[in-house]
Every structure is written in structure tokens, then in C-alpha cells.
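Since the structure of chain G is provided, determine the placement of chain A on it from the hints.
Here's the letter readout for the chains.
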Amino acid sequence: MIALTGLNHKTASVAVREKIFAGCQEKKDVLPALRSIVGVEEVLYLSTCNRVEVIASIAEDGKALKALSAFLAQNGGLTDQEAAGCFYEYRDEEAVRHIFRVASSLDSMVMGESQILGQVKDAYRDALEKYATGVVLNRLMHCSFRAAKRVRSETGIAVNPVSVSHAAVELAKKIFGSLDGKKILLIGAGEMAELTGTQLIEKGAQSIIIANRSLAQAELLAEKFHGKAVSLDSLEKKLVETDIVISSTGAPDFIVTAAMLKKIHHQRRNRLLFLIDIAVPRDIEPAASELENVYLYNIDNLQDIVDENVHARRKEAIRAEKIVDEEVERFVNWQRELESVPTIVSLHNKAEDIVKAEMEKASGWIGNLTKEDQEKIEALVHSIVNKVLHSPVTVMKEESSDISSRDIVAAVRRLFRLD
Amino acid sequence: MILNNLELISFKIALILCAVSTIGYLSSLLVRRVKLAKISTWILSTAFVFLTVKFLFVIINSSWFLNPDSRDFLSFCAWTVCAVYLVLQFKTKTRVLGAFISPLILLFMIAAAGEEAGKSIRPQNLQSGLTALHLFLTIFGEALFVIASCAGLMFIMQNRLLKSKKLSGMSRLLPSLNDLDRINHLCLLWGFPLLSVGVIAGVIFAQISWKTGWLTDPKIVWTFAAWMIYGFLLHQRLAIGWKGYRMALFSGITFILLLVSYFGVKICFPTLHNFI
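Protein chains in written order, with the numbering used here: chain G, 22 to 440; chain A, 15 to 290.
Everything labelled a hint here was simulated from the structure, so no lab data went into it.
Mixed in with the good hints there might be a few duds.
In silico lysine-lysine, PhoX-like type, Cα no more than 20 Å apart, as pairs [as the list claims (entries may be wrong)]: (1) LYS177(A) <-> LYS336(G); (2) LYS179(A) <-> LYS194(G); (3) LYS107(A) <-> LYS224(G); (4) LYS170(G) <-> LYS49(A); (5) LYS170(G) <-> LYS343(G); (6) LYS224(G) <-> LYS258(G); (7) LYS177(A) <-> LYS283(G); (8) LYS177(A) <-> LYS194(G); (9) LYS194(G) <-> LYS107(A).
Some chain A residues well away from chain G (every beta-carbon gap over 12 Å; in silico) [unchecked claim]: (10) ILE16; (11) ALA33; (12) SER41; (13) ILE53; (14) ASN75; (15) LEU100; (16) VAL101; (17) GLN221; (18) PHE246; (19) TRP256; (20) TYR259.
Computed from the model, here is a short list of chain A residues facing chain G with C-beta under 7 Å [unchecked claim]: (21) SER190; (22) GLY255; (23) LYS257; (24) GLY258.
Note that the structure is a prediction, hence the values are computed from the model and not measured.
Using N, Cα and C, we set each Cβ at its ideal position, and we do this for glycine too.
One chain only, chain G, in its complex shape:
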């Protein structure tokens, strides 16, 4: 059966997650150790900053599942008290659904984020390289990638930005179209401003000017961006050149006033100006928003956009869950076919079909023979077919109680093209 155990940001505190994460990072041989647990056939190990999970194909009695979570707890050096209630365990269809939801980023802290799929793929590649996976997990992981891909392309779950800095970038694109060659002015050297600046540069913005009360700090940041540092005194002059302003100082009063912008409006030749004010108290006078071709957003405005997008993602998640359900059903169906009995039946059916078709083809000359001879030939053909099929069918029947039967059944299905 397929089983899954692990913990994530919902069930375990950050302290516990850290311990487990560190425990597994130290030891390079987590996969072989997991595999050596009795009853574990195939195993895959996923570890990110928000979750640690083990997905395994284990013996039908399910005893190995407890051993897996115990191993994780022990490996992370957790006390029994810490470990209690942190681990979740899923079996069969539930486990399949869980891993599909994880890959599709429905279980992530930021729903719809794109990193998790890459992490799942890395984990799978790791397991593949160490020969820790087999027929069942290989198929399971490929199906989970497909589910994730469908969720991404068929729903809008990853469309709208859900962080303040991404929302700012999207707004900049709605104003300027392309950010190529746009000039950015950072007022104040805050972390948030830095992050937003980085993302704008990534999207093609040309240069950054940093204006700060302390010139030394501005220079430090300027070095990082290959930008220019100026003091706050030359702010007005710099405002003339720039297209995007991100302000985040701790100043109590407005640093950029509407009157100031009005004054330089003509000098800027009425170019569009995008102002982002993420400081509290605010740095840019709200009246600036009334000016022509000036677009001012403060931190609350950006947060409102983010909230709305989060809401929209939740709505899309309902559609995503339906896709996951479909894919789970598909996988479970495939798994069911891996049982011996249906495979034996379809093997016989296929042979029967071939015999029928060939006899039909030969009906021309067989028809000339006596009835007795015809019956003899038919009996001969059937007996040959049954003899040929006898060994594979017997092996499948014999092994059906054993866990390795799946490999054999899968091989038969592939060799005889039964899928």
C-alpha cells in the first residue's frame, strides 16, 4: 500500500521543523536508512523549510508506517513529548491525495506558490538516483506532476500576486507596460524597499538611485544594486529623472509633497510617475494622488490588493481540488489494475482475440478441410496458446500474495501491451 507520514507548518512548530530538517540534512544516508526499515518497498523523502515528508510503498499490514515516523522523530532528536501530535499519517487514497495536493501547492503556506513543485521534483530525482523508488512510486510521482501542471494551467491559483512586493511589480507593469529602462528611486534604505527594488530590477528596470538621510547607508545599498547614492537634499532633482519611487523612511512628516511634485511636473514633461509609499507614518502626501499622471499607492492599498488576491486564490482552490480528485481517481484505477486477477483475465482475453482473428484469416483454406480436421486444428491452436500462457499466469497467481507481485504484474502488462 502507499503510505505517507510527515509534518508541516500546520502541525508542527518552527522549532520542531528546524530540528527534523537539521537532523536529515546532517545525515546523507536518510534514503538508504528509510529503505532498510522492514516492510518498506519503495520510498521517497521530501524536505523543505515548511514540511518534511516520507512517501513509501509498504507491505499490506501497514506496520512499517509507524516505524517511518518513529525514524523521522528519532533522526531529528525529538523527545516523545515534542513528537506527539506533530506527525500525520495517511494511507492509500488519502496518501495519494495528500501528495497530489502538496505538489499542486494546495497544502502550501502561500497557496499557489510555484517553488514546491520544483522541490518535489528534486526529491524524486534524488530517490530515483538512489534506486529507492519502483513501479508504484514512479507512477505516483509522475501523476502528481501531471496534477500540479493541470492545476496551474486550468485554474487561476497562481495568477495574481499575493505578496506586497509582487503586487507593486504588477502595478508597475499596468502603468508602464514594460519596465525596460525605467529608473527607480528608493527613499530610505528599508528592507521592504530593497526587496521591491530587487524585483523591479529583475523585471527589467534600468537603474536605482538611493536617497537616504545617512549617506553611508545609502552607499552600502547602492553598491549592492550597482546604483547611485544621494542625500535627501537632492531629492527633488532626482525625482525629475525617475519613473518609480519607493519610499520607506521613518520620518514623521511627508518627505515628498504634492506641491513638490506639481512643481517638477513640467520638468518631467508629464511622464507617468508611480509612487509606492510603504512607510508608516506615510512619507508621501496623499494629495499627490490627485495629480495628473501620478499614481500613488500606500502600504494599505497594496495590502488590500494582496488580500483580494488571496481571496481569489481560495476560490480557485475549490476548482483545483476537483482536478486533484480526478487525478487521484485515475491513479487509484491504475493501481487496481496492478492486481493479478484482472491482469490474468485481460491476458487471456488478448490471446483469445488473437486466435479468433488468425482463424478468421485462415478460414479460406481451413474451410476446404473436413469438419473433423477443422476441429483438430482449432483444438491444437488453443492448446498451444494455453501452454504458452501457462507459466506467466502461474507465476502471477503464486506471487499474488507477495508485495513484489506488482513489479511482475506491471511487467506483464507492459510486455503484452495490456494498458
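Structure of chain A alone, referenced to chain G:
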């Protein structure tokens, strides 16, 4: 006769395709799917091809390339707007513009189809290369102004959405302010010289064939006013540096004013341009 029929058939196909693409564009606004707008663009391109075929038949059919009867005139308007839009579209990828322009094209086409029954006989004295040039350039110039104004209207909408600090679905669908401003700029830049040459050609022709009396013709006054206003806008843009919102607002107002006065003039006054 066969040629006439073929001309009619390709016109009708173009009309139907145009209607389909308009519906497609408008519903792409409603359901907010870019794919629908993409398909509509291809349908409109096909309509454009059929319309072009129609004009090929017109050229083969008649001694000079444009019959200044209503139907040809209006469908030629549709053809030019369509051509300019498609070129812009493939250059800037602002498909949503289609939702604003395709209804206009459809309107031209329907009006053209309405006139189809009573094909007026073209005035003999208008047959000259000069009038052809005049018609072609003025229509082209004004088609560009139409698109400039559409972009202006969209700019005003997008501006309003962004100023309201919301990033709604509508705002996501509309092109960026900068792109809209660029479309407005390009259309004014190309439309104005085309219209200028067109007007000059008309003046020369009128001077030769009518000698006097044409200056006070209401339609000429109207065209001259349009030319002046767009010239003024272009001047403000290039020399004074008007940009963005104000430009969009003025081109929008101008467009509506000119549209109203055009129909006003058409209904209220007798004119030498009675075929338009």
C-alpha cells in the same frame, strides 16, 4: 455580373466574420479570457482578407479603384480601421483594444450593408485620380484618429481603475497606460500628415472642378475643423509635452464632438459631398 456577385458574397462573408469577432471580443471582456480575444483577432483578420478580396473585385469591376457610393465608402472605412488595428495589434499585442474597435468596424459594415440596396450612381465629374487620393488619405487619416481616440478612452478607464487603488479583473485586462499612450501618440503622428495631404488633394480638385462655392460646404468645414483640432493635439504633444491623461481626455472629447457634428451636418445641411 458574376464579378458583382462575387463581390457581394465576399462582402457578406466579411460582414458575418466581423460580427462573430465582435461578439468574441466583447465576451472576452466579460469572461476575462485572453484566448477568446486571440481567436477573435484571427477571425477579424479573416474578415479583413475577405474585405480586401471584395475591393479587388471592385477594382476589376470599375474603371477606377473606388466608387464613391455609400457602400464602398463605408466598407472602405471599415477596411482601413481594420487594417490599422491589425497592424497595431500584431505590434503591441494589446488585443483588448479590439473590444473597442471591432464594434465600430461592425457598425461601418452594417451601415454599408444597409446602403447596398440602393447603389447610387457615382457622379461622373468625380472620376479622377485626385479624388481617389483624396478619399483614400482622408479616410485613412480619420481611421487613425478613431483608433487614437479609442486608445484615449481606454486610457481614461484604466487611469480611473488605477487611481481607485484597485487591481480588478478589468484593470488586468486593459493594456498598460504607457502602451495606450503610445498607441494614441503613433496614431496622431501618422494620421495627421495623411489627413493633411488628403485635404490638400481635395482642395486642389475642388479648385479645378468647382472653382467657387466649395469653401462654405459644411462637410468641408467639418473636415477642416477636425484637421485643426488634431493638429492642435499633435502640437501640444510634441511641443508642450502633453502626455497621458490630458491627451487621452482631449482626444476622447474631440472624437465624440466630431462624430456628433458629422451626423448633425449630414442630417441638417445640403452638401457637395452628398455621396458620403
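query = Which numbered hints does this structure break?
reply = 1, 6, 19 and 20
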